[in-house]
Amino acid sequence: MREVIYMPVRKGTPIQLLAQKYKYPSIVLREVYDRYRKTMPHEEAMKKVEQAILKRTEKE
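If you read the sequence shown in numbering that gives the first Met the number 0, its first letter stands for residue 0, the second for the next number, and so on.
Treat the hints as calculated values from the structure; they're not laboratory data. Don't be surprised by glycine CBs; every beta carbon is placed ideally from N, CA and C. Take these hints with a grain of salt, some might be off.
Lysine-lysine pairs mimicking DSSO-like chemistry, simulated, CA-CA at most 27 Å apart [claimed, not checked]:
(1) LYS20 to LYS47
(2) LYS20 to LYS58
(3) LYS22 to LYS54
(4) LYS37 to LYS22
(5) LYS10 to LYS46
(6) LYS10 to LYS37
(7) LYS47 to LYS22
(8) LYS37 to LYS47
(9) LYS46 to LYS22
(10) LYS20 to LYS54
(11) LYS58 to LYS46
(12) LYS46 to LYS20
Label-pair distances were calculated between CB atoms; the ranges are [what the hints assert, rightly or not]:
(13) GLY11 to LYS58: 27 to 35 Å
(14) LYS37 to THR12: 14 to 22 Å
(15) TYR21 to GLU42: 23 to 31 Å
(16) PRO40 to LEU16: 28 to 36 Å
Start from the sequences, fold in the hints, and give me the full structure.
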């Protein structure tokens with residue numbers, strides 16, 4: 000298993016704003032965003048992160 004280094008997410012960033020909007024931990028969102036960001040531009044990655052949150056909150 001790879002070692003994960005948790006970096007705090009700065010306030011006011013798009014990831015932080017999404018975390019506040021959906022009351023979701025920003026560290027988790029950052030990890031998901033980084034995974035998507037490797038293969039697509041920022042706007043698409045943010046949309047994918049938001050879709051992932053919505054999918055997850057529907058299940059709960």
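Hints, verified against the model:
Restraint check: the Cα-Cα separation between LYS20 and LYS47 comes to about 15 Å, which is no more than 27 Å; the hinted pair holds. Of the pairs offered as hints, the one joining LYS20 and LYS58 holds, with about 18 Å between alpha carbons and a cut-off of 27 Å not exceeded. Of the pairs offered as hints, the one joining LYS22 and LYS54 holds, with about 14 Å between alpha carbons and a cut-off of 27 Å not exceeded. Of the supplied pair hints, the one linking LYS37 and LYS22 holds, its CA atoms being roughly 25 Å apart against a limit of 27 Å.
Restraint check for LYS10 and LYS46: satisfied, since their Cα atoms lie roughly 19 Å apart, inside the 27 Å limit. Restraint check for LYS10 and LYS37: satisfied, since their Cα atoms lie roughly 23 Å apart, inside the 27 Å limit. Our distance criterion of 27 Å between C-alpha atoms is met by LYS47 and LYS22, whose separation comes to about 17 Å. A hinted pair counts as satisfied when its Cα atoms are at most 27 Å apart, and LYS37 with LYS47 qualifies at roughly 13 Å.
For the given pair, LYS46 sits about 17 Å from LYS22 by alpha-carbon distance, which is consistent with the 27 Å threshold. At roughly 15 Å between alpha-carbon atoms, LYS20 and LYS54 fall within 27 Å of each other, so this suggested pair holds. The hinted pair formed by LYS58 and LYS46 meets the criterion: a straight-line CA distance of about 19 Å does not exceed 27 Å. Between LYS46 and LYS20 the alpha-carbon distance is near 14 Å, which keeps this suggested pair within the 27 Å criterion.
Taking 27 to 35 Å as the suggested C-beta distance range, the pair GLY11 and LYS58 conforms, at roughly 29 Å. Restraint check, LYS37 to THR12: a C-beta distance of roughly 18 Å satisfies the suggested window 14 to 22 Å. In this structure the supplied range 23 to 31 Å is violated for TYR21 paired with GLU42, their Cβ-Cβ distance being about 18 Å. Hint check: PRO40 to LEU16, Cβ distance near 18 Å, so the stated range 28 to 36 Å is violated.
When each numbered hint is compared with the structure, violations occur for hints 15 and 16.
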